[in-house]
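Heads up: the protein sequence lines correspond to chains V and H, in order. Using my numbering, the final residue of the first sequence is 160, and nothing's skipped along the way. Using my numbering, the final residue of the second sequence is 835, and nothing's skipped along the way.
Heads up, some of the hints might be wrong.
[Unchecked claim] Using 35 Å as the maximum straight-line C-alpha spacing, the simulated DSBU-like pairs for lysine-lysine come out as follows:
# : chain 1 : residue 1 : chain 2 : residue 2
1 : H       : Lys494    : H       : Lys547
2 : H       : Lys547    : H       : Lys634
3 : H       : Lys634    : V       : Lys61
4 : H       : Lys723    : V       : Lys70
5 : H       : Lys427    : H       : Lys723
6 : V       : Lys6      : H       : Lys574
7 : V       : Lys70     : H       : Lys547
If you're looking for bench data, these hints aren't it; they were derived computationally from the structure.
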Amino acid sequence: MRPARKRRLYLVLLILIGAAAFVSLAMWGLGEYKMFFFKPSEVARGETPPGRAFKIGGLVKEGSVRRNGKTVEFTITDTLADVVIRYTGSLPDLFREGQGIVADGRLNADGVFEATNVLAKHDENYMPPEVAEALKESGAMPPHEIVRPKPGEPRPLGAR
Amino acid sequence: MITQLGHFSLVLALGIALLQAVLPLAGAQTGNRQWMGVARPAAQVQFVLLAIAFASLVWAFVNDDFSLLYVASNSNTAMPTIYKVSAVWGAHEGSLLLWAFILAIWSLAVTIFSRSLPLVYVARVLGIMGLISVGFLLFMLLTSNPFEAIFPAPFEGRELNPLLQDPGLAIHPPMLYMGYVGFSVAFAFAIAALLGGRLDAAWARWSRPWTTAAWIFLTIGIVLGSWWAYYELGWGGWWFWDPVENASFMPWLIGTALIHSLAVTEKRDTFKAWTVLLAIFAFSLSLLGTFLVRSGVLTSVHAFATDPERGLFILVFLGVVIGGSLGLYAWRGKQIRSSGSFALLSREMLMLLNNMILVGLAAGTLLGTLYPLVMDALTGEKISVGKPWFDFIFMVVSPFLILLTGLGPLVRWKRHDRAELLRSLRVPAVVTVLSFIVAAAVFYAGDSPAFKVALGLALAIWIVATLMDNLLGKFANRRMSLAGLAGLGGGYWGMWLAHFGLAAFITGVTVVSAFAQQDDVTVRPGDSVTLAGYSFRFEGVTETRGPNYTAQRGSVFVYRDGKLIAELEPEKRVYSNAGMPMTEAAIDSNLARDLYVSLGEPLEDGSWLMRVYYKPLQSWLWWAGGLMALGGILAAADRRYRRILRREERQRENAQALLEELLDEAGAARVGGSN
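In isolation and in its complexed conformation, chain H is listed as follows:
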């Protein structure tokens, strides 16, 4: 009953989405304000309908309603409730519903926070988001309906992949999708501006907080995914350059470029055409990511053949979105005029280079991800492009990006004096070079990769040094005070924190990739293994039961200098229903290092294979990502946006009042005249 209500809501939502797309867009073209006025209520109704649909699917999962094919395939009665809920988006159909629901959430947010925007513009933005929603709902209803019934209903369902039964993965997909779908707002703003022929600083200012908000979610989603892979896959790795990861990383790179390019467009009224293009790319790559990951095309071109209906729909949908928006861009793009001019040494120029590199890195990631597919389709040659290639590309190119990261904030818009720049760079440059030399000298010992380590650390220090230089420069002529620091504004501190996070990230990556140690050992109870000064004593294994699995739980005591510092309990689980074994690593983490133990397999003589890792600065990657996201939050919450919006709203109200007054007077005059 409830699931039928959900299904019905989903169908109804498609109708409302059509309404939300067609009427406001047509109204905006013809100047019909009534039609434009449909946009907001339609988006709100759509939100309610999709919320009902989503809630009823959650209800079906929580109450084990196996009369739904999707529930029966991804859940069973033994699973803990939290994983029943997260199983809603554990597979293709449900994640599409989550996508559509999140799109409705963003649309609702647009209806709430757009009161001060001109109606014609809001109508276009919501109309375009409605169109996207139409595409998704059609795809769902035609090829991937989560409410498809199964008869007779089985007594028991299958199980959610045990790998996904994990708190980290319960929240990772919603975060990632909030990011992916969030770029649809930036996309809709850009397309609406193209349609209206109004690409100005105001457009850039409107879309900045939205773009940053999407970027924040995407950042958090990627960090969560990486963290999950680190502790759940049991290999101690945190990034595998797997197509699924790349699919989330490409929109992030483009989104980062977009944030910077929007800043230039707002402040300097230039880069407009480029910014629009980036907004289109960011969303297109998000779509590509969503579809390709879940439909399995990325693992193999052959996945298309097994499900041609879905494959065809995806191709057509992507073609319409990307082709349509690029076509519109080509048609209207000629009218885009940028007014700001800038010198070779200016912040604009550095931003341009930053954008080039970010887009280059995204293009490289796309190339590496799709190259094997293309080669397979063209020549039948089976190859794979993995970590070594991606590492190579990023290692060669990103140092330039990091140099720019330090330089950018120090250089003024429009034009900067070369001699002045050199003067202000003196201290950061010396600090950077010195730290490179010191690091190279310290770490040059036999086979350690001293050059890479020294380069990585020096680049991180370069960012921090230039950031400090920049901050102190703000107080060159006045005393530093708390009020003064706060007065620098959310935008400034957002930049500062995000860049600082990048520095911390680089430090963490450099140190953990150079100095991590690992050992595979066979142990009997009582045996010890020593790694990086830590002694791991294996105490043995006991059998335990979880709600839907049985586990061999190992007990490992970690000693340092004879003192017990941690008790780790790595597990080897077997999930009862799927019969699937799972390794649960145990980690002792602090700011300086992670100690990581995972159980391998039991051997015939009663001993166990065990893998131990020592990972210095591993946790830096996570909090560095957190700092970047926090920087984004500060930037998006900058009071400036709201202040300007309020002013514009007042102006528009005044203009409206004036107009009405004039009309009244004219009317009164006419009435008076006829008398």
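The shape of chain V in the complex, shown without the other chains:
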């Protein structure tokens, strides 16, 4: 082979090997690091992978928030089942009872979800799509929670 062609062959081989290595790395990483999302009723049915971190989403049950110093416990629900969530630290600004949240963490031996992170999106009418979906499927979506107020309906002064 002429040196120029040989060089091009090396080049193509190198690129192919690099690309193959990168793709397998990325796919392996996806399998390893992706997080599943579950609804409380799926957790209750025991469908979650044992020992793995996952995300859970639902509505914070009214009157369920109990704070004990830094640690806070609350219940989330998709109306079919409840899961107790324990978290240490400050809750996000928009965390409120009756509001949809997503948490990630692990289930401990007592069936309590130890959250490392609690997310309530930064828009008071926003519901994480997974939560909305979960609620819609269980048929329990409170209507005012599904519908983002149309931007055409500004609220009067002072209204919450």
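Following the hints, position chain H against chain V.
Here is chain H on its own, set in the frame of chain V:
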């Protein structure tokens, strides 16, 4: 009245954009110089019209004209004027108008700085930018008109999301958009060159400063966004691998690859096909970013269903731009000939690898961003791909990129002698390995992630060492002087500063991710918490009022060795109209560390939850980004571009004069002959 004028200008701008697109492109194909000549004035008129439209929307916001639906939805009378202005681009419709206006600004810039380019080429570039403008203006007028009226007009508007009421976020979107839209110039240059079949070094030289300019804005925009997230979200994080962030990061990665590949195309007349492809990708990803972020598709595929009209338009528009340009590429690409050949050990080769890795990282980011959507659409499986995955990919791949960053500038174009390279690498390599060993030894203490820290620091030192080696090498045979340093040129110093910025960035990221400390505490007035040798004393909370919010303002005194070094005032605000609570962190920042305090919630017994962070070298991330942008500015301002352009212009003028002379003579000869 004024808003109607704005609306009217917007409609008129669409007409002018059509003119700007069709006539010059048709003229360039048929050689009609008059039609080509329409391009410049049309772009300038379009700029004026969009400026009027934009200004009238700003006017509507500042004067609380709630007869516009968009104003009523995003502003109210209590908001400070600066946030009324920034609310113009606070939501979907207005940010589209900003996008179109910025496109007009870039087009205007092209009409001004392209005097020395051949008319047929300018006509094509502006024609393509006109086409893009047509797409955006149509999208706006058909589905997302910011001038849509509401009747009866409400007395009071809603409020801009309080998170967005922040100086950092007031300027972040315009910067980001200047970057996104700036890539449309590089895109238009590439497509124009494809259309004309003229892909040469001159094309690369013309588009280099434009591409770099877009990249500078994008860099600044991303840094501002990250800085805002850091101090405004109250979590102390500066990058969350959130789809919105990824959408701005992908064009940045491709843009970085494009800058390097354009350099190769200009200097060595090779990589042409690849450079064109990168220009297409950079702009396509910018479009994807703009649309997907604002339309909400990235958070959920279901967003498409709630607004099918917009979703469909976006899909069609993206399909036309990406499909059209790739189709043209496939059709004309066969004619692209690269002449430069290079050895395995050459700067071209290293640039090729650099491009492969950058594109790989961008592809990885795209994969991680879209994978959950695709899985949801295909299988209904709900998953998320977050920080751990992205961290993993970037941690494994970027060290190779950083090794190349150091190596590239040391290696000559075309061919480099292996023995010579090894000789010149001796010092940087030894310094790097030594610093790795020292860092690993120093930081190996129990559970600290010594390996990652040592690797990160050593890689940063590798970049700096090779940069110094490179700089000193320039003065191997002569004395170093100020004039000599300046004589190296803007391009060289741009590279130097940008790479140095990368080194500083790596240092900052390494140190802050390994050594940041945080503590969540409950405090009563008078309580102290100690973190990393700093003592934070909580003095209590007072209530204050802002223009459109009430706040609980905490007071925290920070002591070090018994000396007061900072007073921090973190706030918990409630915005009156939206009723939305907001955490305002307080930060004491210097070159060595940030001290960061945010208030959590009040507890029933009168104490407060408080979060304190100690973040070493956090500010390095921001000034490192600034250095990269500064490097870009130096490179784009390199006198070389203007010098060559002037020469080309002179040549063309001479040729023109010669031609006219010949024609005159021929005419005179004919006249003479008939006599």
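Outcome of the hint check:
no., hint, result
1, Lys494(H) x Lys547(H), "violated, 41 Å"
2, Lys547(H) x Lys634(H), "violated, 42 Å"
3, Lys634(H) x Lys61(V), "violated, 69 Å"
4, Lys723(H) x Lys70(V), "holds, 29 Å"
5, Lys427(H) x Lys723(H), "violated, 58 Å"
6, Lys6(V) x Lys574(H), "holds, 17 Å"
7, Lys70(V) x Lys547(H), "holds, 25 Å"
Checked against the numbered hints above, the structure breaks hints 1, 2, 3 and 5 and satisfies the rest.
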